[in-house]
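Next come the chains, spelled out residue by residue.
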Amino acid sequence: MAEDDRKSTPDELDRRLKGVRQAYQKGTGQSSRPATGGAGGEKLGVGMRIAVELVAGVVAGAFLGLMADQWLGTKPWLLIVGFILGCGAAFMNVYRVAQAEERRSKAAQDEKKS
Amino acid sequence: MASPLEQFAIQDLTAPLFTIGGHHIAVTNSAVFMMGAVVLSSGLLLAGAGKGAMIPGRIQAMSELFYEFIANMIRDNVGSGGKKFFPFIFTLFIFTLFGNILGMLPYGYTFTSQIAVTFFMAMVVFLGVTLIGLFKHGLHFFSLFFPHGAPLFTAPILIPIELVSYLSRPISLSVRLFANMTVGHVLLKVLAGFVVALGIFGVVPLVVLVAITALELLVALLQAYIFTILCCIYLNDALHLH
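Residue numbers (our numbering), protein chains in the order written: chain A, 20 to 133; chain B, 99 to 340.
Looking at chain A on its own, in the form it has when it is part of the complex (with noise of 0.2 angstroms):
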């Protein structure tokens, strides 16, 4: 190493730190700070957080449904209310993650590409 890091100054260190970053990213077509999770942890997660939802919002409705009927004694009507209404959330909810999803798998795909 031709210079000491304990004695260049910060600014020094900043302008070499930013050389070192540009010509990496010139090599590798690649941002030196990769996207958090990395690619292959990044999908299981999305697909992880899909299925939970899927299960999730059946699982309120009826369980709403449920305290509803004990409460008004009204069983099973509102249950099944419930159940169709928690399956309607769940629909919704993983079609707003995929839809998320998609904008910012798009919104990378435009940063690779300018």
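Source of the hints: derived by calculation from the structure; they are not laboratory data. What you are looking at is a predicted structure, and each value in this text was computed from that prediction instead of being measured. Cβ atoms here follow ideal geometry from the backbone N, Cα and C, with glycine treated the same way. Hints should not be assumed to be uniformly reliable.
To be verified - Computed Cβ-Cβ distance ranges for the label pairs, DEER-style: (1) Val281/B <-> Tyr114/A: 20 to 28 angstroms; (2) Lys132/A <-> Phe233/B: 41 to 49 angstroms; (3) Gly38/A <-> Ala214/B: 51 to 59 angstroms; (4) Thr28/A <-> Leu232/B: 23 to 31 angstroms; (5) Gly179/B <-> Ala119/A: 47 to 55 angstroms; (6) Ala42/A <-> Val301/B: 40 to 48 angstroms.
Start from chain A and add chain B according to the hints.
Showing chain B alone in chain A's frame:
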């Protein structure tokens, strides 16, 4: 052979300290690991913040990495007004992360594999976020339950669905973390059972076991990240209402 679910059993490590509503409260293995997570994370971060050197050492670089990671997450997902909640989000992330990672130690106990723990954390986030939204926007907060620009006659269907979807948040938040940690640890135990049972051919599951352990480490990190980022997204919804 030990049951793969035995590792999740809560054991009292001390005599009952006091009684609440007929329940004897003692220090359990779960509580010990929670305290361990708090002590270890505080120790790491305090050691990192102690010197404040211009050129960070290893520990300082690590704590700065954690700090920047969460600060960026809040900036990207919550935006303006999110900085106030940094301490809470940061604590949540570090606590979940250390819980998941400490569970990967041999003879360790994963407290995040208890639905009671994760559901409590999710409930705190859910109630906190709802209260923040109510305080900030007043009754206008309930416009969250009706999508902007939808025709008015769809309200009787949409509002209940949105309500259920909102109430399903703590369930999905807690079940995701709990299910991931539990399933991973059961899988490890079952495969470890094969290693013993197959004798010399146990080498095959042993190799798989090593790979799964690496995968579990990834899942431990990822689930802490997802738990935190979802809290940020919920916070963003409450602060900015779509």
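Quick rundown of the hints versus the structure:
For Val281/B and Tyr114/A, the hinted distance range of 20 to 28 angstroms is satisfied, since their beta carbons lie about 26 angstroms from each other. Take Lys132/A and Phe233/B: their Cβ atoms lie about 43 angstroms apart, and the range 41 to 49 angstroms holds. Under the hint 51 to 59 angstroms, the C-beta atoms of Gly38/A and Ala214/B, about 52 angstroms apart, fit the expected range. A beta carbon spacing of about 51 angstroms between Thr28/A and Leu232/B contradicts the range 23 to 31 angstroms that was offered as a hint.
Gly179/B and Ala119/A have their C-beta atoms about 20 angstroms apart, which leaves the hinted 47 to 55 angstroms range violated. For Ala42/A and Val301/B, the Cβ-Cβ distance of about 45 angstroms falls inside the hinted range of 40 to 48 angstroms, so the restraint holds.
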